[in-house]
Amino acid sequence: MRRYLFFFTSIFSLTPVFASEEKLEAIYQEIKKFQTMSVPYSLQIEKYLRYEKELGITGKHHNLVLEEKRKDSYPQTRRASCSNQINLKEPLSTEAPKNQDSVNWCFAYTAADLIANETGIEPSAAYVGLNTLKYIPNPGDGFIGKIVNGIKKNGSCMEESFNSSDYKFSEKYKDYEIAQLNDDLMKFYNLVNAGKKTKEEAVDLFCSGEKMAVSLQEFFPGMKEKDMIDLIMKFNKDEDVYILASMLKGKCPVKKIPALSNLTPKYIDRLTKNNWSQLDKMISQGKILGIEYDSGMLKNYDFIPDPISGHASSIVGRRWNDKTNSCEYMLRNSWGKPCSNYHEDYECSNGHIWIAESFFQYSPVIRRAVYLDKVK
Amino acid sequence: MKVLLLLAFVESALACEVRPIRYIHNSKAVLKSISVCIKNNKASSEDCQDMTSAGCFASGWMKEKVAFNTLVKSVGSPGFNLCHLRGGLPQLYEIEVSPKKWVNFERCQSADLKQFVDIDDLISKVTY
Numbered sequence: 010m011r012r013y014l015f016f017f018t019s020i021f022s023l024t025p026v027f028a029s030e031e032k033l034e035a036i037y038q039e040i041k042k043f044q045t046m047s048v049p050y051s052l053q054i055e056k057y058l059r060y061e062k063e064l065g066i067t068g069k070h071h072n073l074v075l076e077e078k079r080k081d082s083y084p085q086t087r088r089a090s091c092s093n094q095i096n097l098k099e100p101l102s103t104e105a106p107k108n109q110d111s112v113n114w115c116f117a118y119t120a121a122d123l124i125a126n127e128t129g130i131e132p133s134a135a136y137v138g139l140n141t142l143k144y145i146p147n148p149g150d151g152f153i154g155k156i157v158n159g160i161k162k163n164g165s166c167m168e169e170s171f172n173s174s175d176y177k178f179s180e181k182y183k184d185y186e187i188a189q190l191n192d193d194l195m196k197f198y199n200l201v202n203a204g205k206k207t208k209e210e211a212v213d214l215f216c217s218g219e220k221m222a223v224s225l226q227e228f229f230p231g232m233k234e235k236d237m238i239d240l241i242m243k244f245n246k247d248e249d250v251y252i253l254a255s256m257l258k259g260k261c262p263v264k265k266i267p268a269l270s271n272l273t274p275k276y277i278d279r280l281t282k283n284n285w286s287q288l289d290k291m292i293s294q295g296k297i298l299g300i301e302y303d304s305g306m307l308k309n310y311d312f313i314p315d316p317i318s319g320h321a322s323s324i325v326g327r328r329w330n331d332k333t334n335s336c337e338y339m340l341r342n343s344w345g346k347p348c349s350n351y352h353e354d355y356e357c358s359n360g361h362i363w364i365a366e367s368f369f370q371y372s373p374v375i376r377r378a379v380y381l382d383k384v385k
Numbered sequence: 509m510k511v512l513l514l515l516a517f518v519e520s521a522l523a524c525e526v527r528p529i530r531y532i533h534n535s536k537a538v539l540k541s542i543s544v545c546i547k548n549n550k551a552s553s554e555d556c557q558d559m560t561s562a563g564c565f566a567s568g569w570m571k572e573k574v575a576f577n578t579l580v581k582s583v584g585s586p587g588f589n590l591c592h593l594r595g596g597l598p599q600l601y602e603i604e605v606s607p608k609k610w611v612n613f614e615r616c617q618s619a620d621l622k623q624f625v626d627i628d629d630l631i632s633k634v635t636y
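Taken in sequence, the protein lines are chains H and W. Start counting the first sequence at 10; every next residue gets the next number (our numbering). Start counting the second sequence at 509; every next residue gets the next number (our numbering).
Careful: at least some of the hints might be erroneous.
So the derived label-pair ranges between C-beta atoms look like this [unchecked claim]:
no. : chain 1 : residue 1 : chain 2 : residue 2 : range
1   : H       : 30        : W       : 535       : 52 to 62 Å
2   : H       : 294       : W       : 620       : 47 to 57 Å
3   : H       : 41        : W       : 577       : 25 to 35 Å
4   : W       : 537       : H       : 164       : 19 to 29 Å
5   : H       : 35        : W       : 562       : 27 to 37 Å
6   : W       : 538       : H       : 41        : 47 to 57 Å
7   : H       : 262       : W       : 608       : 21 to 31 Å
Think of the hints as simulated: they come from the structure by calculation, not from any bench. Keep in mind the model is a prediction, meaning the values are calculated, not measured. Cβ atoms here follow ideal geometry from the backbone N, Cα and C, with glycine treated the same way.
For reference, chain H alone in the conformation it holds in the complex:
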C-alpha cells in the first residue's frame, strides 16, 4: 500500500516539473529558431529567465541563455531612446478600440482614428467603410492614406450620427456580407458606366431574383423590390452613384472636417529595423501612425509574414518594459475590447496591446506606415 502511495505522490509531484521543463525547452527552441531567422530574441531570453524565476528552477539551458543575454547589446543601447509616451487624445483616449465586426473595414477604422486624433472630430468608420469605393475608386496599397484624402475631399458622416457599433451590421452579415453587397453594386455601376450594359439590362442582371436584390431587401427591410429597382434606375454616374451612400444620405449629415484641410498623409514604406527611427521620431512628436501589416503576428508571432496579407491598425504609444527588457509599442486595433484575440505574451488592456519592436521590425510585417502631417 505504501509503495502505491509513494508511486502516486511521485507522479503528482513530478508532473509540474516535467511540464515546466517542457515549457522552458519550448522557449529555448524559440530562441534558437529566431537566431537562425535573424529575428531579435531579447524577449525570449527574458521570458526564459523570468519563467525559471517564477518556478524556482534552473533550466538545462540556463548557462547558454545567460551567454546569449551577455552577447545581446540591444537593451543597453535602446533603453535611453525608448521614452514612455501615449499619444492618444480626445476622443480616442477615453474609449476602447471599436470592433470592425466581420467586415473588411480595418483601414476605415484606422483612417477614422488618425483623423480623430489629429482633429478631435471622429468620422464614422462604418460610414466610410460602406462608402469605400466612393472614396477610393482604385484600391491598392496605401488604403489608409487614400481614405483620409477621400474624407478630406468628400466629407463623411460623423460617428455621433452614424454609429459604427450598430447591431444592424452583425445582424445582416448573417445572411450576406455587407462588403459583398458593396462589390455587387460596384459591378452594376461599372457595367453601366463602361457602356457595356444599359441600366435596364444591369437591373435585369442583378435584380431579377439574383442575390443582390434579395440582399438589398434583407439589408433594408420593408423596401419593396419595385422601389429598389426604381431607386437604382434613378442613378447616373454624375450623381452619387453608390446606392448605399444614397440610402444613407437621409440618415446622417455628411460634413467636411475643416481642420483636415491643413493635413496630408505622409508615408514610411516597408518598415524594418533600418528605417524604424522614422516611425520612432513621429511617436516622439506625439503622432499616431496607421500601419498596413500582417495580422498573423497578433495571435502567433512565430509565423512567416505573408506579403499580401493586409490588415490595418494604429501604433499609438511607446514604452520601455523592464520585465521583457525591450522597447514596446502600443497597438490600437479594430477588434474591440477582448484581449483573448491576442498572443498571451502581449500585455493587453481594454483592447490596446503592447508589442516588442522586434516583432514589428521582422520584415516584412509592416508594409507601410502613414501619419498625418501639416500641409507645407
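Let chain H serve as the given structure and place chain W on it in line with the hints.
Only chain W this time, still in chain H's reference frame:
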C-alpha cells in the same frame, strides 16, 4: 494614461441578475433588461456560465478545431468571425453594472437569441 484609468472593473464575484442593457440598432438606441451573469469582466447568460456545460448552446463549439487563418487572418475580428462561423449572432452592447455606469461588452448569441456567451471567453477557448 486615460485609457487605462477608464478601464471598467466589473466585480469578479459571480452574480446573475436582471440588469439593463443597451445597444444601437438601425441608428436607434435600444434599452432592455435581461438576466446576465458577470464574472471577471465577462458576461454570459445563466445557462452559459460554464461554456462547456451541456445546457449551453456553445458547449460543443470548442471540440472542433478552427484553422488559424479562418479567424485571425481573414477579414473582421476573430471573435465575431468565430461566432458567425458557428451559427451564432455577435453583438456589441453595454450593461449598466451600477447605477448610471455603463460598460461595453461583446457577446455571441445563440441562433434563437435565448442564450449568450462573452466573446472574449469564446475566443480564449478556441483551439487552432
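Enumerate the violated hints, using their earlier numbering and listing them in ascending order. none
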